[in-house]
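Peer 1: Guided by the hints, dock chain Z onto chain V, whose structure is given.
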Amino acid sequence: MTISTNQLIIFDNVSKFYGEILGVNRVNLQIAPGITSLVGPNGAGKSTLMNLMTGLLRPTRGAISLLGVPTDQPERLFRKVGYCTQFDSFPRGVTGREFINSFLLVHGYDGKRANELSQLALERVNLVEAADRKVAGYSKGMRQRIRLAQSIAHQPAVMILDEPLNGLDPMVRAETIALFRKLASEGLHLIISSHILHEVDMMSDRVVLLNNGYIVAEGNIHGVRDEMEEHPMQILIRCDDPAKLAAYVFARDHVVEARLHEDRRGLFVKTRDADRFYLMLNHAVAEGEVSVESIAPVDDDLSAVYQYLIGTSGGSA
Amino acid sequence: MSSAIDAIETKSEKSPLNWSLWARQIGAILRLELEKNFLSRRSLLIYLLAFLPLFPLLLLAFFTPPGKEWRDFNQMGFFYSLIYNGLILRTLVFFGSAWIFMNLFRGEIIDRSLHYYFLSAVRREVLVVGKYLSGLVTSIVLFTATTVVAMLLLYLPHFYSQSVRYFTEGRGLGQLLTYAGITILGCLGYGAFFLVVGLFVRNPIIPAVVLYLWEWLNFLLPPLLKKVSVVHYLNSLVPVPVAEGPFAVVAEPTPAWIAIPSMLLVTILVLILAAYRIRHMEIRYGSD
Numbered sequence: 077m078t079i080s081t082n083q084l085i086i087f088d089n090v091s092k093f094y095g096e097i098l099g100v101n102r103v104n105l106q107i108a109p110g111i112t113s114l115v116g117p118n119g120a121g122k123s124t125l126m127n128l129m130t131g132l133l134r135p136t137r138g139a140i141s142l143l144g145v146p147t148d149q150p151e152r153l154f155r156k157v158g159y160c161t162q163f164d165s166f167p168r169g170v171t172g173r174e175f176i177n178s179f180l181l182v183h184g185y186d187g188k189r190a191n192e193l194s195q196l197a198l199e200r201v202n203l204v205e206a207a208d209r210k211v212a213g214y215s216k217g218m219r220q221r222i223r224l225a226q227s228i229a230h231q232p233a234v235m236i237l238d239e240p241l242n243g244l245d246p247m248v249r250a251e252t253i254a255l256f257r258k259l260a261s262e263g264l265h266l267i268i269s270s271h272i273l274h275e276v277d278m279m280s281d282r283v284v285l286l287n288n289g290y291i292v293a294e295g296n297i298h299g300v301r302d303e304m305e306e307h308p309m310q311i312l313i314r315c316d317d318p319a320k321l322a323a324y325v326f327a328r329d330h331v332v333e334a335r336l337h338e339d340r341r342g343l344f345v346k347t348r349d350a351d352r353f354y355l356m357l358n359h360a361v362a363e364g365e366v367s368v369e370s371i372a373p374v375d376d377d378l379s380a381v382y383q384y385l386i387g388t389s390g391g392s393a
Numbered sequence: 007m008s009s010a011i012d013a014i015e016t017k018s019e020k021s022p023l024n025w026s027l028w029a030r031q032i033g034a035i036l037r038l039e040l041e042k043n044f045l046s047r048r049s050l051l052i053y054l055l056a057f058l059p060l061f062p063l064l065l066l067a068f069f070t071p072p073g074k075e076w077r078d079f080n081q082m083g084f085f086y087s088l089i090y091n092g093l094i095l096r097t098l099v100f101f102g103s104a105w106i107f108m109n110l111f112r113g114e115i116i117d118r119s120l121h122y123y124f125l126s127a128v129r130r131e132v133l134v135v136g137k138y139l140s141g142l143v144t145s146i147v148l149f150t151a152t153t154v155v156a157m158l159l160l161y162l163p164h165f166y167s168q169s170v171r172y173f174t175e176g177r178g179l180g181q182l183l184t185y186a187g188i189t190i191l192g193c194l195g196y197g198a199f200f201l202v203v204g205l206f207v208r209n210p211i212i213p214a215v216v217l218y219l220w221e222w223l224n225f226l227l228p229p230l231l232k233k234v235s236v237v238h239y240l241n242s243l244v245p246v247p248v249a250e251g252p253f254a255v256v257a258e259p260t261p262a263w264i265a266i267p268s269m270l271l272v273t274i275l276v277l278i279l280a281a282y283r284i285r286h287m288e289i290r291y292g293s294d
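Quick note, the sequences are listed as chains V and Z, same order.
Position in the first sequence counted from 1, then plus 76, gives you this note's numbering.
Position in the second sequence counted from 1, then plus 6, gives you this note's numbering.
Okay, chain V solo, but in the shape it has when bound (with noise of 0.2 Å):
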């Protein structure tokens, strides 16, 4: 099926300079429908690709464009889109429901439709209880979702995401990945920067890893993963005689190695083509050379892909 342009996020050769500071350089992508993470380190460009996106800042190169729409026209924009940032900061002495339902008045609506729209956020992020405290004695993961709440109010089609989960208690965190999923289902493209990799490895549809300003690769995590030929696959194999199927499979020219378990009763194989050795696996059971339990990818996640391409562990929980 193929997607207008009208249907996607456009980065058209951009890059960002803060005077002789590079944000973000040469930036092509195209993102469709979905939740596409942007994953990197601090500095890598990720707020700075969003800020692009939403017109907070404007390119040095290139031009951007939202579902057919530039990003220097925030009146037709921000009908499309929501922005949940990172500054977390407020109005002053505003309630958590004055907050959403002001500036959805300031996006034009009449006071009634931004009562109901206001409701619904707020019952989205499940803040209804706290909604007419004032948000200045908020706790850190309250005020994160009155944000959230703020960023969706006006159901818009495309939501920028900067880090959406900090400062959420597993339970809210859960709950949210849940809602974004929901939203993705619904046809909305969500773009998410997180640092906390098995998150983002269990929600994206696609990721974008960034590092210096640059984009080291794009795509679905496996298929990003298996371009990788540098880096052979890690599989462990859980069966009866890992010695001997070790045997038979370092034979293979596109196995490089094979190390047994700590436990013995496995076996690590890194290969540099995976689908071969399934193939090959799947003779060796048929011969009943071993009976294997199971069979599961060690790197073909995030963590690996990020560790491999841009050097450090990444984030966690």
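If you're looking for bench data, these hints aren't it; they were derived computationally from the structure.
We put the beta carbon where it would ideally sit given N, CA and C, even for glycine.
Take these hints with a grain of salt, some might be off.
Unchecked claim - Only some residues are given here: those of chain V computed to face chain Z with a beta carbon under 8 Å: (1) 133; (2) 134; (3) 163; (4) 169; (5) 183; (6) 307.
To be verified - Quick partial rundown of chain V residues pointing at chain Z, CB under 10 Å, derived from the structure: (7) 165; (8) 179; (9) 227.
As the list claims (entries may be wrong) - Derived Cβ-Cβ restraints for the label pairs, each shown as a range: (10) V:149 with Z:258: 28 to 36 Å; (11) V:102 with Z:116: 30 to 38 Å; (12) Z:285 with V:102: 22 to 30 Å; (13) Z:234 with V:110: 52 to 60 Å.
Peer 2: Same frame as chain V, now just chain Z:
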């Protein structure tokens, strides 16, 4: 997507001049900003400033200074003109407008909350108009009230019956309205200037002081340069002119039919500049 959103979107995409939407958005911005201008902690300074010219007049209401000119009703117009020029126009309107209008954007940059406006589906030009109007309403309400109360405080306590006749049957009401009108024009002109200063300059105190000196030294300037100031046009409209001293360079006052439209025109031009600046502005709180 809801039908209400669809309606707004379709309208805003079809018609580039969506006046009813803009009016609603300006109304929403006004409500938000007026609450901040009148009820926030920052507004305490403005209330204090607005009360400042009334303080000496309250003292005068109870204690008449020595000198027979203070017992002469005909001198009151001259005294008020002095008070208006020194305390109200050059102090209250100037510094009050500086505080109110510079904080409209600069204050939110300091509070790191301006991005909420920038992330709303509102034209940035509409945002400038909404914010400017909120500053205007605030300054006009407070400073015009001070202008009126100051005049009544000068006249009524000492010459009550004469003053009542002066304001109801004589030239008093006309003069009162003229002073109030000058205050409003001052808010318009200084307001636009300080709004722009708050957008362009990280530390607006310096340009404010430079303009303050320029306005105070206006009497020394050659006639052509006098016209490059707000106070020159406002002084041209004062009902009772005040002598500017022996060193003043005398210049013809600008007639009202030129002074008022000129002020309005300059205000509009300055607001267009502000709108251009806001349209191209980035949010980078770290560097502000």
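Peer 1: If a hint holds in the structure, say so; if it doesn't, say that too.
Peer 2: Structure-based check of each hint:
no. : hint                         : in the structure
1   : 133                          : holds, 5 Å
2   : 134                          : holds, 6 Å
3   : 163                          : holds, 5 Å
4   : 169                          : holds, 7 Å
5   : 183                          : holds, 5 Å
6   : 307                          : violated, 37 Å
7   : 165                          : holds, 4 Å
8   : 179                          : holds, 5 Å
9   : 227                          : holds, 8 Å
10  : V:149 with Z:258: 28 to 36 Å : violated, 48 Å
11  : V:102 with Z:116: 30 to 38 Å : holds, 35 Å
12  : Z:285 with V:102: 22 to 30 Å : holds, 26 Å
13  : Z:234 with V:110: 52 to 60 Å : holds, 59 Å
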